[in-house]
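Generate coordinates for the entire structure from the input sequences, incorporating the hints supplied.
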Amino acid sequence: MTTHASMDDPRVTLDEQLGSFEPIPPYPPRTEREQEFYTVADGEMLVNIGPHHPSTHGVLRVVMKLDGERVVDIDPVLGYLHRGVEKLCENADFHHTISYMDPLEYVSSLFCEWPAVMAYEKLLDIKVPRRAEYIRVLTGELNRISSHLLAMGFHALDLGGITPILYSFIERDEMVEMLASITGQRMLFNYFRIGGVNGDLNHEFMSRLGDWMSRATAQVEANQGLLNENEVFVRRNRGVGTIDAQTALKMCWTGPNLRATGVPFDIRRAHPYSVYPELDFDIPTRSEGDSLARYLLRIDEIKQSLRIIDQCLHQMPDGPVMARVPRLMRPRPGRAFATVEAPRGQYSIYAVSDGTDQPFRFRIHDPSFLHLQSFTLLMPGQLLADWMTINASLDPIMGGIDK
Amino acid sequence: MDAALKRRLEARFGEGLQGPVRQRHDETEIRIAPAQVPDVLRTLHDEADFHFQLLADLAGVDTGTAMQVVYHLWSTTSSDWLRVIADGLPREDPRVPSITFLWRGAEWMEREAYDMFGIIFEGNRDLRRIYMPPDYTSFPLRKDFYLPDDAARSPGGGVRHMEQPEAPLAPGKTLVRRTRA
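If you read the sequences in order, they're chains A and B.
Residues in the first sequence are numbered consecutively from 48, following the working numbering.
Residues in the second sequence are numbered consecutively from 4, following the working numbering.
It should be emphasised that the hints constitute simulated quantities derived from the structure, not laboratory data.
Keep in mind it's a predicted model, so treat the numbers as computed, not measured.
Do not take every clue at face value.
[Stated by the list, open to error] Using 27 Å as the maximum straight-line C-alpha spacing, the simulated BS3-like pairs for lysine-lysine come out as follows: (1) B:LYS146 - A:LYS134; (2) A:LYS297 - B:LYS9; (3) A:LYS174 - B:LYS9.
[Unchecked claim] Some, not all, of what chain B presents toward chain A, calculated at C-beta under 8 Å: (4) HIS75; (5) ARG86; (6) ARG107.
Idealized CB from N, CA, C, for every residue including glycine.
And the structure:
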């Protein structure tokens, strides 16, 4: 085997091939866990899935240790989408960092921007106008619905059903177009600003929203009929990837995945922010904690989001949508932690200011990261094909996980 | 702000805290020594009047002079986020006990802090790089790691953006651009 200099440090010589994706790494095990995982017993084999696979929701590689078709252990390998967003944000000014947040969880971009602007507003003691808060909640809930619809569609697609994703995309396209009419972008909105939002709601948005709301509930009911009573779908999901509430808490789970185990933890109620205390909605929970429960819970959440949107439209006050904010901001040295309930769970930002115009430390906490970690608990003992079900029901987004 | 939480923390930990309990907005903050992390977090997790059951975040911080590990906790007993800062880890050899015995989910967050800052979490059984490739030698989120367009300001003069511990520093220059959080 030939040797070559490390891409990172030319002083280091390596003897593995560049870009090789052998399941067994070409270097000795670095940790106890790696030693245990890469020691293959009689009758077991290691299989690579990825670095790209249709059901990995991004670029992910997992190494599976298989005994026949049973999974013995699993080792996810991350970093294929790592862009160093935290470092970039620490070298950009406060306004600039918001646009770096969008491509993290690219199906629910508004929820990446939201905690960032909340953290800065805390650092600067800015009070956001109430109309802007209502617009944030309204657009956020629309984004949550579109994200959940996509999760449901891809869940079916991963299991081989093509039809539901097409119906999901019909609805999702409505929402994407609605948001595009006020933000100018279909996916990476860059809409929230420190102290408010970029622009007020316009006529096109309101007419599209009104049009869609009049048939939304019926459409969601119709779409769920494709899967909820589909025997193949239900049988492949029921009892697969089961986790109990205590273990889920130990694994730091949040969001729909935690609520599917019976814990009614939702940041919107547990630690209210924005105008959520003024809105009336339920926190759906389920007790089974399996893939089917996670799928069904997302449908319940869509219905609650529709309720919230309805109330927002009725309660939204008039007024400005931006507070008076300086263009160049230098917050006093301090620390702020801001959290929102994103479609996948608790999305939070820990921002540290040192008095300059750039964040000194910008920490992004992504819920999918912790859900993906739990594959080491959920997969052992399952069949290889259950990977699709479990992965789809946990709904990780690699863009957010890899940062 | 939750004044009752502040009183409870002061009564329970008292001498063990480094500096006062700070409160701002909906956050309460305490600072402890790295060696106290397992005891303090176990107390916060287990005792009925704290009951901080949810680990909301685990972050490494490089202040330029020292390393920190920052834990954010959530509880039903308080309306505040509790921030526990394990402060004063030496930059040359930052070490802190792992908390995977309380939250197994902290394992990957500790791996990330190791990958980005080189902080060693003693007791974590899977402490290897998570985002960067295994042959990587630097710790990207440290303050002496410069981005390419930032390199002109770097002590090496802007040729390589990687860490160069051996490179002699120009007189009057320091390795760290910004020093205090």
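(Q) Holds or violated: B:LYS146 and A:LYS134, Cα atoms, limit 27 Å. (A) It holds: about 10 Å lies between the C-alpha atoms, which stays within 27 Å.
Q.
Checking one constraint from the list: CA of A:LYS297 to CA of B:LYS9, max 27 Å. Satisfied?
A. The given pair, whose Cα atoms are some 26 Å apart, holds under the 27 Å limit.
Q: Mind checking the CB of B:HIS75 against every CB in chain A and telling me if the closest is under 8 Å?
A: Holds: closest Cβ of chain A sits about 6 Å from B:HIS75, inside 8 Å.
Q) When you check the alpha-carbon spacing of A:LYS174 and B:LYS9, does it fall within 27 Å? A) holds (25 Å)
Q: Identify whether the interface hint at B:ARG107 stands, where standing means a beta carbon of chain A within less than 8 Å of its own.
A: holds (5 Å)
**Q.** Interface hint compliance - B:ARG86 to chain A, C-beta minimum distance less than 8 Å
**A.** holds (6 Å)
When the structure is compared with the earlier hints, no violation turns up for any of them.
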